[in-house]
Each structure stands twice: as C-alpha cells, then as structure tokens.
Amino acid sequence: MTFALVGNQNCGKTTLFNALTGSNCHVGNFPGVTIEQKSGFINNYKNCSVVDLPGIYSIRPYSAEEIVTRDFILNEKPDAIINIVDATNIERNLYLTLQILELRVPTVLALNMMDEVRGNGGSIDITRMSELLGITVIPISAAKGEGISDLIKAVVNAASQKTRPAVTELCSPGPVHRCIHSVAHVIEDHAQKLGIPSRFAAIKLIEGDDLNFITRLALSQNEVELIEHSVIEMENERGLDRNAALADMRYDFITKVCEASVIKGSESKERKFSEKLDKILTGKFTAIPIFIAIMAMVFWLTFSIIGGFFSELLSTGIDSLGNIVGKALSGYNLNPVFQSLVTDGIFAGVGAVVSFLPIILVLFFFLSILEDTGYMTRVAFFMDKLLRHIGLSGRSFVPMIIGFGCSVPAVMATRTLSSERDRHMTVLLIPFMSCSAKIPIYAIFCAAFFPAHSALAMTLLYIIGMVIGIVIALILNKTAYRGKPVPFVMELPNYRLPSFKSVLLLLREKANDFLQRAFTVILYATLIIWCLSSFDTKLNFITDSSNSLLAFFGRAITPVFKPLGFSDWRIVSSLIAGFSAKEAVVGTLSVLSSSGLSELNTVLPGMFNGLSAVSFLIFTLLYTPCIAAVNAIKRELGSGWKALGVVISQCVIAWICSFAVYNIGSMLL
Amino acid sequence: MNLDKLPIGRFAVIRSVNGNSTLRLRLLDMGLIPGTKVSVHKVAPMGDPIEISVRGYELTIRKDDAALIELNEEA
Chain A
0 MTFALVGNQN CGKTTLFNAL TGSNCHVGNF PGVTIEQKSG FINNYKNCSV VDLPGIYSIR
60 PYSAEEIVTR DFILNEKPDA IINIVDATNI ERNLYLTLQI LELRVPTVLA LNMMDEVRGN
120 GGSIDITRMS ELLGITVIPI SAAKGEGISD LIKAVVNAAS QKTRPAVTEL CSPGPVHRCI
180 HSVAHVIEDH AQKLGIPSRF AAIKLIEGDD LNFITRLALS QNEVELIEHS VIEMENERGL
240 DRNAALADMR YDFITKVCEA SVIKGSESKE RKFSEKLDKI LTGKFTAIPI FIAIMAMVFW
300 LTFSIIGGFF SELLSTGIDS LGNIVGKALS GYNLNPVFQS LVTDGIFAGV GAVVSFLPII
360 LVLFFFLSIL EDTGYMTRVA FFMDKLLRHI GLSGRSFVPM IIGFGCSVPA VMATRTLSSE
420 RDRHMTVLLI PFMSCSAKIP IYAIFCAAFF PAHSALAMTL LYIIGMVIGI VIALILNKTA
480 YRGKPVPFVM ELPNYRLPSF KSVLLLLREK ANDFLQRAFT VILYATLIIW CLSSFDTKLN
540 FITDSSNSLL AFFGRAITPV FKPLGFSDWR IVSSLIAGFS AKEAVVGTLS VLSSSGLSEL
600 NTVLPGMFNG LSAVSFLIFT LLYTPCIAAV NAIKRELGSG WKALGVVISQ CVIAWICSFA
660 VYNIGSMLL
Chain B
0 MNLDKLPIGR FAVIRSVNGN STLRLRLLDM GLIPGTKVSV HKVAPMGDPI EISVRGYELT
60 IRKDDAALIE LNEEA
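From first to last, the protein sequence lines stand for chains A and B. Quick note: the first sequence, position 263, residue 262 per numbering that gives the first Met the number 0, numbers continuous. Quick note: the second sequence, position 35, residue 34 per numbering that gives the first Met the number 0, numbers continuous.
Extracted from the complex, chain A is given alone in its bound form (with noise of 0.2 Å):
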C-alpha cells in the first residue's frame, strides 16, 4: 500500500516522515521535475510505504510544487492520504485539508503539535472535529513520537477499508453552496464516467478549469453556457469573484469547524519567546551585523577547527592507507603502471575527494541546525529585499553564502528553495561565488605578484566573482526565466530546538550521497586525469609528465588561450587538471614546473607576468566548477545536457573576461 504525506510548509512534515519510516527511506526526484521525492516503508510494515509529498499551502497550482501533489494524487492514486496539520495554527491549515477532501481519497488527518496546544491551555474535541469533516482525527506530538502508532493503525486501516470521507457537504448553505450543486448536476454523468469525483470536477470548471475538464468530460458548448451562466449569477449574489468566494466558503467551512471544536489556549510560550528573540535577530540595527558573526562563526568552526581537522586527519589516514598499499603492492612486485593506477590515481584521486566529506558534513551540520531551528527563515525575510534586485528572493542568500565553502552543498541546499524557477536560478549562480578549493591558488598567485596588497588582491577577486554573478543573474533573469517568481509568500515559524534525530539523519544521507558520487563519476574523473598524465601518446607509461597525454593536450589547446596571456602548455595542463578539482590546480602546477608547493611563488614568476597572473586569476575564479560540482548541478537542474551548458557557459565567460582585463591591460599598461 501507498500513503502520500500531505501538508503544508512548517508543520512538521519531515519530522513526522522520520518517524514513520525511520532511516528506511529513498530519496529521489519526481519524474521530470527537480523536488526532492522521499519515500519509504513505515517502520515493523513492510508492505506500506509512505511518499512526503513538497509542502505547499494549496492544491491550486501556482508552482511544480502544487503540481507535483496534485498530479500524484490524481494520477499515482495513493490508497491513502496522510494529512499533517499543525494544530496551533489551524485554521489556515485545514484550508489544504479541505481541498483534500474534495478529492474523495482515504484520508487521515494526523494533528501535529498537540502536545504545544494542551501546554498552552488549549483543546480539541477530537470527535467533533472528526464528525464535522467525516474523516479520522489522530492528535500527534511528531517530535516526541507520541500518537504514530495510532496514526499509522488508523491509515492502514483507511487504506484497507477503502473508507472515503464521510461529509460530503463542505460548504454551509448560500450561492456558492447553490453554484457548485448546480454544476455538479450538470457534469455529474459525465464525471462518473470519467471516474472523478463530480464536486471536486465541478469546483475545477468554478475555479477556472486548469485541468481542461471541459474537454475530459466532454461538456457540450450548451453545458459549458449554463455552467457560465450559474458562476456569473453566484458571482452577483455573493458580491465576490469565483476565486474569492470559494476561499470564502472553505474558510466560512473551517471557522464553523473549529468554532465547535477547538478552544484556544492563551498565547503560546513558544510565540512569545520567539517575540523576544525575534526582536534581536531581525531587529533593524541587530539583523545583519548578527547574521554575519553567526555565519563566520560557521565558516570558521567548518573550515578551520573542526572540518579542517578531521579533514587533515582523513586525509593523513588516506595518504598512510595508500603508502601501505602501495608498499604492498611493490613487494608483491605489481606491474608499476597498475600500482601507479592505485596509488597516483585512485588513492591520490579519491582520496582528495573523500577528504572534503568532513568539512561538508559539519557545514550542513551547521545549517541544518539554522535551518531547523527556524533562523534560515529570518536570514530569507531579511536579505529579500537585496536579492529581488537580482530576481531572487531571500531564500536563496543561504545557498549561495555556502557556496563560498563549497558549491557541492550549496548546490545541494538549493533543495530547500520553493520555487523550481529560483532552484534553478540559485544554482546557475552558486559557481561565481569562489569557494575555499580556489583559496590555494588566489594565496600562491597574490603572494608571488602582489605581495603587498595580497588581501586586498583577494578580496576583490571574491568581489569580481559576486559583481559577474549579479549581471550573469540579471541577463538570466530577462532570458531564460524571464517567467513570473513565484510570489514571496512565507511564515516564521515559531524557533524550536531541533530534532537530534532529523539531523543525523540528514547527515547520514548527505554523507551516503556524497560517497556514492565520490566512488563513482569522481573515480572515473580521476582515473581519466591519471591515464592522461602518465601515459604519452604511442601510451607507453612514462614518469616524466613533460611527455604525457596531458601535456599533449595542453600544448594542443594552448592557442586558445593565447589571447588570455598564457601560452605555457603547464599552465594550461593545470587547468585541465583543475576540472577534478580546483585544488589541482595548484597541485598540478607544482608537479609539472618540478618544484615544491613552497617553491612556486618563486617559480611563477617565471611562467606568468603580472598581467598574465591576473588573467590566470579571473579565469580559475570563473571557468567551470569541478567535476564534483557538475555532478550536483547535474542532478539539481535534472539532466545532464544542461550541466554541459553550465560548463561550456561558465568556460566562455572566464575566457571572455580574461580576454579583456588581459588585452585592456595591456593597452593601459
């Protein structure tokens, strides 16, 4: 059996997920479109499994989000529907559970944070309300586990009888109540036909017909008059439009509801603390300045203290592992080429990759636990105002702060963006914001040509990368998706402590997907970047890489990047090289001009010019992202060829702007 886990955004959706299904849990993306598709087998029953549908506030689709749900339960035809509400603010969200019920599904209503109403003095006649809307009312407590086996009893059994909801009246008498009986009269033959249900097809045809029911149900052009002819009369006695006054009725509905069953407590604790902290964190004068401790803080304790320690330590005990096997394989006497493949290629290779994993895992640790608690809302509410400049909204700022750390979960915290179009968007900007792998070699090349303004050199190279990707931002916005952002429209949830549980968990998946992509398109990358460095082109296996493929390739490509200032087939090896990461630039460098890391800023000089150096600069700040971030973006914008776009865009705008500083310089110069 299937449940689709309905709700709207903030209810505690995910937490209850966790809790049916545990770990047991696939994360994929629906068919065609980018949003995070989470299903799983609920806990000790092995045959029901649940899907977490996007949490959206509608069924009307204003975005793929509402799309998504809609289509699913249309079309996937789930057994049952697991409605999640958050009972300190139900009535907006019982608007979502009408809309449900109008689709004539199984449904059970799981109502979430009771245990936040009764500590607030408030209560709910669970009967009543379960009377009034005709289906079964669970209260639960997701966070503290309380009420789940009960839920999953009643769906399971709501599935299994096949129990549609009982009240079929969702409307208190008047026009609208008149209206949508009388078109549904008009359809009704039709409509059973077909299968649907005939109100939720008559208040479709009310609301404007985005299903193209007129031609599903074969309406004749006399029907589709006469319904015309009873939505313009309801309009007129109601003194609304059609829009207004079904929202009108569902609202009306729900007021009635909860008038019989709901008493409210005092005003919540948790409302009133949030107040006061609210006051500080978004205050006028505190907001920013606030924001930007919390986040150093972050990138600190992630880059330097503790991801940077663990990484070291991950990577001493890569670097060991792979002496040893490497001493291994040569007393077992290995043909050289196979233990260079093991050691240079994938030790070296994956190893480098797989060192990240720390630092990636205490970043998001970081931010799950902003996100969690509710601040990464009030970064968003704060910063839309900077970003609408860009066709942005606030919620995207998050994402592309990480991506001063690393794009790969920046990339992947796009995720928690709610609008496919701003998805998308995000992560096409994410590769501009230079992020810490590049760190190397902005610190060599500074050091080796402006030793005095090495800092300031820095900075604006990350000042170059953000100006690029606001103009890139602002053709893209008049371009590509020129469409209509989806409007701004969001809550500030209460703070909370979050879930120990949810947040391992996430970790755990953020970690599983990090190491599968480690062990397989890096390896290949890897590999390739190994073979193409220690073979030359007859492909005997060479130790000088002065002959190599790669030196082949680079001398073969170097006219390209003649007019960029650079014509030393090294310099243009190292790029290649830096495709797997931009860590091997530097390294690559290094090897191929035969001198130490600490060596180069005296060896460079050789190589480039001042001028020379800067255009180097812009075009490693600029051109693709690595191979490990292509394969994010790849699985974010949902194929393969628009990630090929990606880099072939990023590649030509990192050779158009060297291009010109290097060119314009050398006039000015």
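Calculated directly from the structure, the hints in this document are not laboratory data. It is possible that part of the hints are untrue.
Here are the simulated distance ranges between beta carbons [claimed, not checked]:
(1) A/292 x B/1: 57 to 65 Å
(2) B/6 x A/144: 43 to 51 Å
(3) B/69 x A/45: 53 to 61 Å
(4) B/1 x A/167: 53 to 61 Å
(5) A/276 x B/69: 29 to 37 Å
(6) A/251 x B/6: 25 to 33 Å
(7) B/69 x A/308: 53 to 61 Å
(8) B/72 x A/641: 46 to 54 Å
(9) A/127 x B/72: 33 to 41 Å
(10) B/1 x A/156: 47 to 55 Å
(11) B/6 x A/308: 50 to 58 Å
No residue lacks a Cβ here, since even glycine has one placed at the ideal position from N, Cα and C.
Starting from the known structure of chain A, fit chain B onto it as the hints suggest.
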C-alpha cells in the same frame, strides 16, 4: 488605504484583493479574503518585506504585494 500603508499594530478589514495573477489566488488561499481582519506585525530591517497577522498566524509578504490589498479602516 492599502495594506502596505497600514501602521504597525493597527487592525483593519480587507475590502478587496486586487491584481490578476497567481499571487492573488495565493493570497486568497492563505486566508486574505474580503471581510478578514489583518494587522501589520513587523517590518524587515531594510523596510521590506512586512509580516502581517491574519487568522491567528503571521505571514510575510512584500510591500508591492501588500499594496494589492485594499482595506476598510476600522478599529
């Protein structure tokens, strides 16, 4: 008066939700319907967006969008 101009803390009743976009439908679905009581709860540090109270909860919307909501002034 329109909702973007309503001073913080004062209550008013919605007269109409204008505009002809998906935004209007979304606002209706969120419970901003003619006859509903609203107030402005707080304003973001840069002056936009605003947070409004409606039907017992708080909702963040942009000022441009709030301008689409006409109010009847009333205590």
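| Okay, which hints does this one fail, numbers in order? | The structure breaks hints 1 and 4; every other hint is satisfied.
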